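Just so you know, the sequences run in chain order U, F and V. Going by this note's numbering, the residue at position 272 of the first sequence is 272; the numbering climbs one at a time, nothing skipped. Going by this note's numbering, the residue at position 112 of the second sequence is 112; the numbering climbs one at a time, nothing skipped. Going by this note's numbering, the residue at position 182 of the third sequence is 182; the numbering climbs one at a time, nothing skipped.
Don't read these hints as lab results, they were simulated from the structure. Computed from a predicted model, the values in this text were never measured in an experiment. Hints are supplied without guarantee of correctness; some may be wrong.
BS3-like mimics (lysine-lysine), calculated; alpha carbons at most 25 Å apart, straight line [claimed, not checked]:
1. V/LYS128 / U/LYS22
2. U/LYS330 / V/LYS128
3. U/LYS330 / V/LYS57
4. U/LYS18 / V/LYS57
5. F/LYS48 / U/LYS330
6. U/LYS18 / F/LYS266
7. V/LYS57 / U/LYS22
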Amino acid sequence: MSVQSEISAPSARRLDSKALAKLSIRLGAFVAFGGILLYFALTARGFTSPYNLMTVVEQSAILGFLAFGMTIVFAGTGTDVQRGGIDLSMAANAGLCAAVYAIMMREGYGNALAIPVTLCTGMAIGLLNGIAVVTLQIIPLLGTLAVMNIAAGLELTLTENTVVPVKTPLTKVIAFGSFMGISTLAWCLIVVSALLVWLMHFHRIGLRLYAVGGHLEAARAAGINTGRYIYGAYIAAGLLAGITSILIISRLSSSTPGTGLMLLPILAAALLGTVFSRRFIPTIGGTLLATLFIGFLANGFQLLGISSYWVAGVQGALILLVVAVTSFAKRN
Amino acid sequence: MTAAIEMRGITKTFGPVKALTDATLMVKSGTIHGLVGANGAGKSTIIKVLAGIYARDSGTVMVQGKELGAITPAGIEAEGVHFIHQDRLLVPTSTVAEAIFLRNEPRFGPFINHREMYRRSAELLHQYFGLELDPRALISDLSTAQQKIVQITRALANDAKILVLDEPTAALVKKEVDNLFAVLRRLKADGLAIVFISHYMAEIEEICDVVTVLRNGTDVGVVTPSDVGIGQIVEMMTNRDTSEMYPRRKAAIGGPILSAKNLTVKNTFQNVSFDLHQGEILGVTGLLGSGDKELLQTLFGEIDSDGGEIILNNAPVRFRTPVQAVSNGIAKIPEDRRAHGVATGLSVGENISLASLDQVSAKGFVQLGSEARNVDALISELGIMTPDRQTLVKNLSGGNQQKVVVAKWLSCNSQVYLLDEPTVAVDVGAKVEIYNLMNRLATEGKALIFLSSDLEEITEMCDRILVIYRGELIGEYKHGEIDSDQLLAVASGATIEERKSL
Amino acid sequence: MSIKASAQNTKPRMPVSLETFSNYAIIAAFVIIFIAFSIIADGFLTGENMLNLVSNKVVLLAIVALGMTIVIGAGGIDLSVGVSIDLSSMVFIMLIAAGYAGAIGIIGGLAAACCVGIANAILINKLKINPFLATLGVLFIGQSIQRLSTQGGVPIYLTRSEFSATFEAIARSNFLGVPTPIVVMILCILVVYLALHRSVFGRYVAALGAQAEVARYSGIRVPFNLSIVFTACAMLSGITGILLSSTVRSYVPFSGDAFLLDAIGATFIGTAISAERRPSVIGTLIGVFLLAVMRNGLLLIGWNFFWQQVGIGVLVFCVLGLSFGLKKRSE
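So here's chain U without its partners, still in its complex pose:
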C-alpha cells in the first residue's frame, strides 16, 4: 500500500518557468546576434555593402559545410562531448581531400576522375571513424583523434608540406562565377543548407539520428539499427569534408597546409549553434546562424580596425557564455 498525492501536475507550473527561461535565452541570443550586426552596420564603414555581405557569406560556406558535418556527428552521437561523440578529424579530412584533388589535377587526371576520388577519400576517412567508434568501440574523442592523425599524416605525405596550385575551369567557376547575382559559393551554401535542413529536420532519417544520439538505448529499443546510423553520420561528415575541400581549393587556387587549424572554429560554430534551437541541441539552422555570426564578427572586427588577434578569444568567451547559460536553463 502506498501513499496518495494531491499534487497532480507540478510539472505544469515547472513547465512555465522553465519554458520562459529557455525562451528568453533564445530570444536573447537572437537579440544579441542582431544587436551586434546592427552595431557593425552603424559603426563599421562598408559593412553593409552588398559586396562585403556577399564576401562574408562566401567565406562562411567553407566553415559552414564542415560545421554541418560536425553537427550531423553531434546529432548522432550526443552533444555531451566527453561521453557522447565528436569528429576531431573533420578539418584534417578536408585538408587531405584537398591534397588528393590537387595532386590528381596536377597529374592530369581531370575532374571526371578527380572529383569522385576526392569524395571517396572523404567518405573513406569517415568510414574509418565509424569503424573506430562503432565496431571497435573506441570512445569517439580518442578514435577520431587517431584518425585525425592518420589523415593529417597522409596529407603531409602527399603534399610534402608544400602548396600545390590548382587552376581549372571548375574551380574558376566556383571561385568567381555567379548566377542571378549571387556567387557560386553562396549558392552552394544555400542549396546544401536547404538540403540538410530537409534531411535532418523534416525527414525520418534525421529524426531517428537524433534519437540515436539522444538516448542510444531508447533508439535501440525502438528497433533502430543504431550502428548503421552512427556509421552514416561519420560517413556523411566525411563526404561533406570532401565537398568542402573542392571549395577550399577554389577559394585558394591551391591546396595549402594548415587546413587542420580550422578544427576549433568548426567546433565553435557547431556548439554555439545550439543556443538558437528550442531544445538547445545542435541543428543545421542553428549551426548556419552561428557560422554566419562568426563570419560577421571577424568581418566587423576587421572593418573596425580591431586586431584579428582578438577573434579567437572572443569566440572562446562566447562559447563559454552560451554553454553556461544554456546549461543553466536546462538544469532549472
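With chain U held as given, fit chains F and V onto it using these hints.
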C-alpha cells in the same frame, strides 16, 4: 481467449550462470498477467529474451500462434509486442509526438508530416488517458507518470496487441497508479494481453487476473491472486515463511541525540520540531510533495534551512553542504542508490572506505593494510555477498549494493542514519536483509530516521512515526498506536473524526 | 534462504584469457614494437639514442601527460594544457629577457600556468560548465592572449650568451650525473604517482572520475578537489613550458599545441592496461614511451617525418582498437 504469448522451455545461460532453466510463460489475450519473482529469479531475463535483447539458448517462443525464430527488437515490435521498460527509454530531447511515432513517422512524400503527427498524438492521449498533453512538449520536461503515458501511447499508436510493462508503478503516486490501472482494464477489455511485472504485491493482487511466479530461473507456479492471496505468492517467490517479513527487535532507546526545533525551509516545510533518540528507529512519511524528503535533505545538508535550528549532541549545528553533515556524523542512504549511494565503477573496498579515508590514512597517504582490515571486517559483519573486496560494485545485486552503502557509513562511525526509501526496487528477500540491518544499527545505539511511502513497513518497523502533511508535522505515533490504513488516512489529511471512524 | 549465491549476483565472466589479454595488449604491443625496431633500425638500441630519446622526446610529453592523467582520472579533460605550456613559457622568457634572475622567471612562469588552472577551476566549479567546453574556451582565449602579446605570434629568441647561463642550468646541466630535465621528470612522476595511487586525494580523484555525485554524497568536497586537479595539471604543463623554453632558448608561440593530442593519446593508451579502463601513472608512461619509441624508430628506419605521422596514427589506431575492441568482446 487466445494465447497471446507462449514461451516454453526457455533456457539461457551466461557463462557458468544459469539465468533461465526450462522456464515457461503463457499469456492469454484479454488478460492482465502478472510476473513476479525475486531479483535474480529470471524475470527480467525472460522478458529480455522476448524482447530480442538476449538470444535464448533453447525453447520455443510463439506470439499469437506464430512461432518465432531469432528475435530482434524491431521484429518483435512488428509482431505487435511492445515493451514499457522500467528505465523510461525515451529520448529526452525529443518531443512527445516524436517519441510516440519514432520509427513509424507519418509521411507526406519525402517529408515527415509534422502536423499529422501532432494531431494524432493529441488524439491518442486524449482518447486513452483523457490527457491534454502538448505534443510539442519535450520529454525532459515531463513528469515520470507522463513519460510512462507517452511510452504506453507509443505502443498503442503502433497497434500493440501485447503490452509488457516492467515495474510501471515504481515512481508513481496512488492517483497516477489508479489512472494507469483504469487504462489497463480498458485495454484488457479491448482484447490486449498485458504482462505486468512488479514488486508491489498489493498492486499485483489488485490488477492481475493471473500470476506466474518465477524462482531460480524457472516457473514454480501459475496462480490466481484472488484465490491464493499475497502471502502465498511471496512464499512461492522466496520459498520462505512470510511471517518473518518484518523482523522484530527489542528496542533499547536512549537519550536524544538530534533535535529539530521549528525547522523551516521556505515553501517546503515549516516549524517542524522533533527529537531523535539513540537506538531508535523514527519513521517519517507523507504524501509526495509533503516535504518529508526535503526534511531529510535538510538534515543532510543538501538543502539549507531558512529558519529554526538543528541540535546535534546538545550543540546547535547548521549544514550547508553534505560535507558538513558527514563530518558531524550524519549518514544518508539515498533513494537513488546507483546515482548517489555507490560508485558502481569502483570496487567494494573503495566504496566502503570512501567516507572514512581519514581514519585509515597517515599524513594524507592511505594505509592499505588497515583499510583492507576494516573493509573485510565490514564485509563479513554485514554479510555482503561478494567474491572479494576488489570486485566492482556494479557486479553486486541491489541488496548487496545497499549493504555497501551502509558499510560506508558504518566505517566512519556515523551516529545518525537517514534512510530515504531504502527498500524501493529491492526484492522481498533483500528487503528483509535491510530490515535486519536497520535493527542491528538501532541495537548498536545508532539513531535512524526511516522515510518510506510503504506504510506497512513503516508501521511494522518503527518505534515512532512522524507524519508530514503539506509541510506541517501533523502527527506523531508510537509503534502499535496506528495501523497502515489509519496512517494512510492521516497522511492524506483526514480529520480526526474521519480517522476515528476507521 | 536469503540472498541468492554470489555467482548468481555477479556478472558472468568470459574466458579469462580474452579479458586479460586486452589488458596486456598495450604492453605486448610496446614490447613487440621495441624489439622490432631494435632489429630493423640501425642505431636504435644504442645508449646514446636511448638517452636522446628520453631527454628530448619523453621528458616533456611525460610531464604534461601526467597532468592530463590526473584530470582524466577525475572524470574531466583539459584542452588548455597547451595554453599553460605557452603562457608559462612566455612569462618565463619575458622575465629573463627583462633581466630578472632565472629563479624569478621560473616562479613567474609557474604562476602564469597556475592562473590558467584557476581559470579552468572557476569555470567548472562556479559556472558549472563541463570541463571539455570550459577548457576549450580557455584554449580559444589563450590563443588570443598569445597573439596579442607577441604581435601575432612572433617568437622571442634569447640565444645571446648573456642568457645562456640560466638556460644551461635548467636544460643542460646534470644532477648526480643525470640530465636535470630527466631528474625533474622523475620527481614529477614520483609526486603524481604518490598523489594518485597512494594518497587520500587520489581516492577522491578516483571517486570523482567514477561518479562525482556519489563523491558529493559521501562528504567529499568536490569543488575543492576539482580545483586542485585542474591547477595541478596546469602547473605540470607550466613546468613543461619552462623546460621547453630552456631547451630551445626561446619562446615560440603555440608550440604547446603539439602536446595536447599526444598527452590525451598517451593517457588513454594507458587506460588500456587497467581492467576498468582507469587512467594510471604507469599506463600513461607506457603510452608516452610507446609514442616516443614509434616516432624514433620510424625516423631511424628512414621514414620521413610525414610518413611517421601516418605510421604513428595507424599504430595508435590499431593498438586502441585491439584494446577497446577486445574488452568489448570479453563482456
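Right, here's what the structure says about each hint:
1. V/LYS128 / U/LYS22: 17 Å, holds
2. U/LYS330 / V/LYS128: With a Cα-Cα distance of about 12 Å, the restraint between U/LYS330 and V/LYS128 holds, given a limit of 25 Å.
3. U/LYS330 / V/LYS57: 44 Å, violated
4. U/LYS18 / V/LYS57: This hinted pair is violated, its Cα atoms lying about 52 Å apart.
5. F/LYS48 / U/LYS330: 33 Å, violated
6. U/LYS18 / F/LYS266: 20 Å, holds
7. V/LYS57 / U/LYS22: 49 Å, violated
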